[in-house]
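*Asks:* Sequence:
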Amino acid sequence: MKIFFLLITLLCSLPVAAEASAPELVCDPDARVSFHSRWIRESTVSLDALGEELPWTGKEPLTTGERLKAKAQREAGARTPEELLAIDDSTHFVTFQSPDSSHTLYVERILLDYREQDGLVVTHVTREGDESRFATFHCVSR
Numbered sequence: 001m002k003i004f005f006l007l008i009t010l011l012c013s014l015p016v017a018a019e020a021s022a023p024e025l026v027c028d029p030d031a032r033v034s035f036h037s038r039w040i041r042e043s044t045v046s047l048d049a050l051g052e053e054l055p056w057t058g059k060e061p062l063t064t065g066e067r068l069k070a071k072a073q074r075e076a077g078a079r080t081p082e083e084l085l086a087i088d089d090s091t092h093f094v095t096f097q098s099p100d101s102s103h104t105l106y107v108e109r110i111l112l113d114y115r116e117q118d119g120l121v122v123t124h125v126t127r128e129g130d131e132s133r134f135a136t137f138h139c140v141s142r
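The numbering used here numbers the first residue of the sequence shown as 1 and each following residue consecutively.
It should be emphasised that the hints constitute simulated quantities derived from the structure, not laboratory data.
These numbers come from a predicted model, not from an experiment.
Hints are supplied without guarantee of correctness; some may be wrong.
For each label pair, taking beta carbons as the anchor points, the in silico distance ranges come out as [unchecked claim]:
1. 70 / 115: 25 to 31 Å
2. 82 / 41: 36 to 42 Å
3. 24 / 70: 26 to 32 Å
From the three backbone atoms N, C-alpha and C, an ideal C-beta is built for every residue, glycine too.
Please put together the full structure from these sequences, using the hints given.
*Replies:* So, in structure tokens, the structure goes:
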């Protein structure tokens, strides 16, 4: 029984792949980005305006503002917000994507620096037979 207790204690002390103390992001208009660390299932990130939880490993790729704008311009019929067009090309976004690639969440990297910061969160939703949609949210990390 002591071995079982020791094993459980050891497992609980191991770090989660995704950081446990990620900031909460409060966004306009009236949205919130939350990071959920889980031991048994994969950790997730959610934007309540998006309505879906996306996988969060702590090793998400970065996307530059230049690549994000190019993707928006390539998408036929995409309604690109002016805020997206005004993003500096060198801005970096942490990219969270659903397994089927229908939902993508881009979180400006500075929002995840564990300090109070202002930045952008961009969503990209692609549905079969529907045009792609981008939405931009101004956010503050807490």
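*Asks:* A separate judgement is required for each hint: does it hold in the structure or not?
*Replies:* Verification of the supplied hints:
The given range of 25 to 31 Å is respected by residue 70 and residue 115, whose C-beta atoms sit roughly 30 Å from each other. About 38 Å separates the C-beta atoms of residue 82 and residue 41, a value consistent with the hinted range of 36 to 42 Å. About 30 Å separates the C-beta atoms of residue 24 and residue 70, a value consistent with the hinted range of 26 to 32 Å.
In summary, this structure violates none of the numbered hints.
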